[in-house]
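Full structure from sequences and hints, please.
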Amino acid sequence: MILLESEYFDARLELLYKLHAEVICDDELERWPDLYTDECVYKLTPRTNYERNLPHGGIFCESRGALIDRVTAIRNTLVYAPRFVSHTITGIRIVAREGNLLRSRSMFTAYQTLVDGNTALQFVGRTFDKVDTSGSEWKFAERIVVYDTDLVFRSVVHPI
Amino acid sequence: MILLESEYFDARLELLYKLHAEVICDDELERWPDLYTDECVYKLTPRTNYERNLPHGGIFCESRGALIDRVTAIRNTLVYAPRFVSHTITGIRIVAREGNLLRSRSMFTAYQTLVDGNTALQFVGRTFDKVDTSGSEWKFAERIVVYDTDLVFRSVVHPI
Amino acid sequence: MILLESEYFDARLELLYKLHAEVICDDELERWPDLYTDECVYKLTPRTNYERNLPHGGIFCESRGALIDRVTAIRNTLVYAPRFVSHTITGIRIVAREGNLLRSRSMFTAYQTLVDGNTALQFVGRTFDKVDTSGSEWKFAERIVVYDTDLVFRSVVHPI
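Keeping their order, the protein sequence lines are chains Y, L and C. Quick note on numbering: the first sequence equals residues 1 to 160 in this note's numbering. Quick note on numbering: the second sequence equals residues 1 to 160 in this note's numbering. Quick note on numbering: the third sequence equals residues 1 to 160 in this note's numbering.
Be aware that a few hints might be false.
Remember, identical chains collapse to one label, so a pair may be satisfied in a single copy or spanning two.
Mimicking SDA-like on lysine to any residue, the simulated pairs with C-alpha atoms at most 20 angstroms apart in a straight line are [stated by the list, open to error]:
| hint | residue 1 | residue 2 |
| --- | --- | --- |
| 1 | Lys130 | Asp26 |
| 2 | Lys130 | Leu15 |
| 3 | Lys130 | Glu142 |
| 4 | Lys130 | Leu19 |
No lab work stands behind these hints: they were computed from the structure.
Pasting the structure below:
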């Protein structure tokens with residue numbers, strides 16, 4: 001059940017997760033959709049839903065175009081207090097390889113810092129992902145972000 | 001003093017630590033003892049004790065059988081508020097190699113989320129470990145979990 | 001723009017960051033300056049300053065000698081509440097290679113535990129670094145620690 005993939009695969013996978021955290025934490029959200037395939041699924045959902053197979057997601061995008069919409073919303077139409085975002089990503093692991101697709105997972109902790117300068121824990125949780133390895137740059141084909149923290153601190157603006 | 005082990009050793013060691021976090025955070029505790037050798041030591045102890053060589057441990061198990069007992073207690077006899085557990089594991093490093101045994105260490109942050117949906121930091125600290133590399137699956141022969149956080153938030157139920 | 005360096009480079013770089021966290025969290029500060037070149041820059045600065053190119057740093061050292069001074073101050077002259085320090089380092093990545101110098105970056109979360117036994121988040125942020133790879137031991141030539149958390153919890157004593 002446990003695969004020990006080559007270091008090459010590990011390194012490329014870790015790079016994708018690192019870049020994902022960077023574009024969000026650096027506030028370069030316009031580059032965020034570039035890390036996904038055109039046909040992709042992005043979902044942010046509470047663990048209590050995930051374990052019951054309930055479909056709701058606080059953020060639920062079913063294509064790269066929908067991710068671009070989300071970025072446009074964050075930049076232009078959503079109303080929210082300005083904030084810095086910080087993501088701690090650990091436990092990145094290849095779970096299975098299926099042709100050009102890897103199934104992988106990770107753990108995360110997400111923080112928000114508002115203009116009062118206080119940093120607050122927003123979320124902890126796990127991600128369950130599919131990664132397309134067919135191109136020269138690996139991309140997420142699916143990313144299911146499952147958070148333990150049912151009582152979300154402040155609004156959810158940025159993706160994890 | 002500092003050994004730079006082969007990437008192979010690094011990858012296998014990291015895998016063990018990742019699986020350790022996963023079985024606990026996924027609530028698959030029954031698989032937790034499988035990550036230990038039959039003759040093992042597991043201890044969870046405060047840093048103030050550890051630095052004085054005081055033997056007390058909030059969780060102290062001296063065999064794999066004792067780990068199985070702990071899981072049985074968590075599942076069947078302990079009384080505690082239900083919770084999700086999340087572990088952030090970083091700084092996994094090989095400190096020394098002694099035959100089939102590696103001495104290694106890591107840093108951790110542990111969170112608990114109770115049914116009110118709030119996530120609270122439970123512990124931060126370091127682990128000082130011995131890993132048996134003789135079998136096809138590497139296992140912990142010793143795991144000493146040393147936490148900075150003397151004032152533990154809520155009860156200690158799950159291992160780190 | 002994105003370089004995928006060899007696993008060898010990744011492993012050596014990660015080792016440097018791990019040792020950096022260890023000497024601080026283990027309270028072996030005397031070994032901290034050994035991880036820097038003689039001609040080095042260390043700066044701890046808020047993100048709001050960093051993004052405006054403002055030069056202020058809460059800790060600002062322009063040579064290894066100044067780092068040694070800092071350690072001397074922590075040990076002998078600064079007045080502060082005793083504390084344990086814990087650093088979570090993730091997202092370590094090589095950004096560019098320039099001869100014997102690597103440009104790299106990371107993300108961090110820093111905790112402090114005072115004698116009341118409570119652990120509190122001190123900082124989250126990112127580091128932007130230069131690493132000298134010419135010697136047998138890699139060292140930081142520059143380390144710019146950029147924290148999101150403008151309202152610092154308690155005083156800043158230890159480096160990140």
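Hints, one by one, checked against the model:
1. In the homo-oligomer, the alpha carbons of Lys130 and Asp26 lie at most 20 angstroms apart only across protomers (19 angstroms), although the nearest pairing inside one protomer, at 24 angstroms, exceeds that limit.
2. Taking the closest pair of Cα atoms, Lys130 and Leu15 come within 20 angstroms of each other both inside a single copy (15 angstroms) and across two copies (19 angstroms).
3. Proximity of Lys130 to Glu142 under the C-alpha cut-off of 20 angstroms is restricted to the intra-copy arrangement: shortest distance 5 angstroms within a copy versus 34 angstroms between copies.
4. For the homomeric pair Lys130 and Leu19, the shortest alpha-carbon distances inside one copy (16 angstroms) and between copies (19 angstroms) are both at most 20 angstroms.
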